[in-house]
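Please take these sequences and the hints and turn them into a complete structure.
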Amino acid sequence: MTLPDSISKILSVALIIPEGRVATYGQVADLAGLPGRARLVSKALRSSNEEIAIPWHRIVRADGKIAFPAGSEQAQEQRQRLISEGVGVEGFRIRLKIYQWQPELHDILHRLKY
DNA sequence: TTTGTGACCGTAA
DNA sequence: ATTACGGCCACAA
51 MTLPDSISKI LSVALIIPEG RVATYGQVAD LAGLPGRARL VSKALRSSNE
101 EIAIPWHRIV RADGKIAFPA GSEQAQEQRQ RLISEGVGVE GFRIRLKIYQ
151 WQPELHDILH RLKY
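Here my numbering is used: the first residue of the first sequence is 51, the next is one more, and so on.
Just so you know, the hints here were simulated from the structure itself, not pulled from any lab data.
Cβ coordinates follow ideal geometry from the N, Cα and C atoms, glycine included.
Warning: the hint list may mix true and false statements.
Label pairs and their calculated CB-CB ranges [stated by the list, open to error]:
| # | residue 1 | residue 2 | range |
| --- | --- | --- | --- |
| 1 | Pro-119 | Arg-161 | 28 to 38 Å |
| 2 | His-156 | Glu-123 | 36 to 46 Å |
| 3 | Asp-113 | Pro-68 | 19 to 29 Å |
| 4 | Leu-65 | Gly-136 | 27 to 37 Å |
| 5 | Pro-54 | Arg-145 | 26 to 36 Å |
| 6 | Lys-147 | Ala-117 | 15 to 25 Å |
Okay, structure coming up:
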């Protein structure tokens, strides 16, 4: 189980988060088969950011807040991207009860191949 | 080899 | 609602 392998699993999950929904770092890690590895998700997003378009803005912290420091350039952009695709953002917090992605079993089985 | 640093998380005050 | 703490782990210095 090499690291790049874990990274690719994480990215493949991130890739299928639907527009207008969000997922938490921990949730993505779980779906990638890496429970407890939330920090690896941020690592994956950071190290991959070139190439394919990964919807990094749809990943937020477990408490619904945008992970970047409030007021930072990145936080602003993430906030704007979420708003422009219909996600309600209050300050820098998203209501997970409303916008969190609830993947169906077939979503995972059909779109993920690992 | 040890230490510090993250786009984190669950629990408990 | 916010803070603190321990747990987590790859990576760079």
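Evaluated hints:
1. Pro-119 / Arg-161: 28 to 38 Å: 33 Å, holds
2. His-156 / Glu-123: 36 to 46 Å: Hint holds: Cβ distance 38 Å, inside 36 to 46 Å.
3. Asp-113 / Pro-68: 19 to 29 Å: 21 Å, holds
4. Leu-65 / Gly-136: 27 to 37 Å: 19 Å Cβ-Cβ, so the 27 to 37 Å window is violated.
5. Pro-54 / Arg-145: 26 to 36 Å: 35 Å, holds
6. Lys-147 / Ala-117: 15 to 25 Å: 19 Å, holds
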